[in-house]
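Residue numbers (the numbering used here), protein chains in the order written: chain H, 47 to 151; chain C, 47 to 151; chain A, 47 to 151; chain B, 47 to 151.
Source of the hints: derived by calculation from the structure; they are not laboratory data.
Warning: the hint list may mix true and false statements.
[Unchecked claim] From the derived model, a few chain C residues whose C-beta atoms are all more than 10 Å from chain H: (1) 68; (2) 73; (3) 100; (4) 132; (5) 133; (6) 134; (7) 135; (8) 136.
[As the list claims (entries may be wrong)] Listed below are several chain H residues computed to face chain B (Cβ distance under 7 Å; list not exhaustive): (9) 76; (10) 120; (11) 128; (12) 150.
C-beta: ideal position from N, C-alpha, C; glycine also.
Number of protein chains: 4
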Amino acid sequence: MTAALGAGECACRHKATPRTAELQADVQKRLNRAIGQLNGVKAMIDDNRYCGDVLTQLAAVESAVRRVSEMLLAEHMRTCVVEEIRAGNDGVVDEAMELVRRFSK
Amino acid sequence: MTAALGAGECACRHKATPRTAELQADVQKRLNRAIGQLNGVKAMIDDNRYCGDVLTQLAAVESAVRRVSEMLLAEHMRTCVVEEIRAGNDGVVDEAMELVRRFSK
Amino acid sequence: MTAALGAGECACRHKATPRTAELQADVQKRLNRAIGQLNGVKAMIDDNRYCGDVLTQLAAVESAVRRVSEMLLAEHMRTCVVEEIRAGNDGVVDEAMELVRRFSK
Amino acid sequence: MTAALGAGECACRHKATPRTAELQADVQKRLNRAIGQLNGVKAMIDDNRYCGDVLTQLAAVESAVRRVSEMLLAEHMRTCVVEEIRAGNDGVVDEAMELVRRFSK
Numbered sequence: 047m048t049a050a051l052g053a054g055e056c057a058c059r060h061k062a063t064p065r066t067a068e069l070q071a072d073v074q075k076r077l078n079r080a081i082g083q084l085n086g087v088k089a090m091i092d093d094n095r096y097c098g099d100v101l102t103q104l105a106a107v108e109s110a111v112r113r114v115s116e117m118l119l120a121e122h123m124r125t126c127v128v129e130e131i132r133a134g135n136d137g138v139v140d141e142a143m144e145l146v147r148r149f150s151k
Numbered sequence: 047m048t049a050a051l052g053a054g055e056c057a058c059r060h061k062a063t064p065r066t067a068e069l070q071a072d073v074q075k076r077l078n079r080a081i082g083q084l085n086g087v088k089a090m091i092d093d094n095r096y097c098g099d100v101l102t103q104l105a106a107v108e109s110a111v112r113r114v115s116e117m118l119l120a121e122h123m124r125t126c127v128v129e130e131i132r133a134g135n136d137g138v139v140d141e142a143m144e145l146v147r148r149f150s151k
Numbered sequence: 047m048t049a050a051l052g053a054g055e056c057a058c059r060h061k062a063t064p065r066t067a068e069l070q071a072d073v074q075k076r077l078n079r080a081i082g083q084l085n086g087v088k089a090m091i092d093d094n095r096y097c098g099d100v101l102t103q104l105a106a107v108e109s110a111v112r113r114v115s116e117m118l119l120a121e122h123m124r125t126c127v128v129e130e131i132r133a134g135n136d137g138v139v140d141e142a143m144e145l146v147r148r149f150s151k
Numbered sequence: 047m048t049a050a051l052g053a054g055e056c057a058c059r060h061k062a063t064p065r066t067a068e069l070q071a072d073v074q075k076r077l078n079r080a081i082g083q084l085n086g087v088k089a090m091i092d093d094n095r096y097c098g099d100v101l102t103q104l105a106a107v108e109s110a111v112r113r114v115s116e117m118l119l120a121e122h123m124r125t126c127v128v129e130e131i132r133a134g135n136d137g138v139v140d141e142a143m144e145l146v147r148r149f150s151k
């Protein structure tokens with residue numbers, strides 16, 4: 047789950063088992079693309095572009111962001127949730143369900 | 047619906063009735079915020095931040111993008127769809143339903 | 047939109063242009079199937095059936111109900127919304143957007 | 047996860063840890079209500095009821111079914127997933143993610 051805080055470390059939480067370099071690179075690439083698409087939508091709005099085309103682009107951004115969430119949730123289940131359950135901290139299950147609820151809104 | 051193409055204009059479609067300056071400014075502000083949030087997620091991934099916190103941020107981006115889609119779809123219905131129906135082009139209704147389907151995925 | 051109330055008619059609203067017999071039959075068939083699936087889930091719960099199998103059945107019910115909503119929303123747009131816009135009652139557009147919002151939750 | 051098959055038992059899977067009587071009663075009550083609502087929609091279609099009212103009823107059914115899925119998924123995580131992880135069968139995590147994906151469609 048979260049690594050113990052070292053001296054002087056900020057209070058924000060960190061993963062005990064870091065994400066693989068490969069997952070990080072994939073996620074960063076997808077986030078960059080989503081940012082690019084959002085900048086594209088900004089330009090379309092400036093250019094008074096037709097609603098259907100703007101909405102199609104926004105739908106693509108939404109599913110790109112959702113895909114990243116799915117990847118990170120799956121990885122969270124495989125690492126943090128498994129580790130915490132094995133360590134006897136079942137509270138991680140309720141937290142995971144809360145993330146699933148938000149994820150499925 | 048879409049304005050007739052002037053000489054030399056690109057083939058992409060434009061709105062016959064432009065969005066108000068107020069709606070454009072609101073949408074641009076929301077898109078900027080979503081881009082900022084996505085950049086925030088990039089930094090969280092670099093910083094090995096805990097999954098729950100990253101997923102919470104991503105859920106916020108998703109609902110921000112969805113809110114923009116909703117605003118643009120509502121405005122599309124009030125302008126393009128009404129205009130086209132009044133002009134006898136009921137085809138705009140099927141296009142609107144296709145946008146609704148994608149919007150509700 | 048809604049037919050004018052005849053003497054002694056209940057206050058509930060009715061469609062001005064009735065749904066075709068074909069659409070009604072299709073919707074009734076789908077609703078019957080969804081009811082059958084829900085009764086199937088009731089039996090699975092009684093039988094202590096494994097969660098994955100029960101959740102798969104519930105997901106099928108949810109998409110069946112969603113499909114019926116989509117069919118009725120599309121038909122609503124093609125009949126009520128078009129009629130009301132042609133009659134100058136643009137208020138129907140805001141009502142349609144409210145239905146879309148609920149439909150896309 | 048699933049209880050071992052006894053002689054003559056059907057091939058379908060059963061939960062190792064049965065759902066509490068309380069959860070079962072709650073789920074059955076909600077399923078009965080959803081079935082009642084679907085029967086209500088059938089009557090509305092027969093009665094040519096206005097689209098907005100029918101769609102509102104269908105949206106209520108969809109969220110009722112979703113709520114049941116959420117309850118069963120949460121219970122699945124607290125029992126089957128925890129048990130299997132403790133027994134060293136991490137495959138249950140991928141199955142849980144597949145259920146989450148379907149649940150969030």
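Status of the hints after comparison with the structure:
1. 68: holds, 13 Å
2. 73: violated, 6 Å
3. 100: It is violated; residue 100 of chain C is separated from chain H by about 6 Å at its closest Cβ, not greater than 10 Å.
4. 132: holds, 17 Å
5. 133: holds, 16 Å
6. 134: holds, 19 Å
7. 135: holds, 14 Å
8. 136: It holds; residue 136 of chain C is separated from chain H by about 16 Å at its closest Cβ, greater than 10 Å.
9. 76: violated, 17 Å
10. 120: It holds, given that the least Cβ distance between residue 120 of chain H and chain B is near 5 Å, below 7 Å.
11. 128: At 5 Å from the nearest chain B Cβ, residue 128 of chain H passes the 7 Å test, so the hint holds.
12. 150: Result: holds, 3 Å to nearest chain B Cβ.
Hints 2, 3, 9, counting from the list given before, are not met by this structure.
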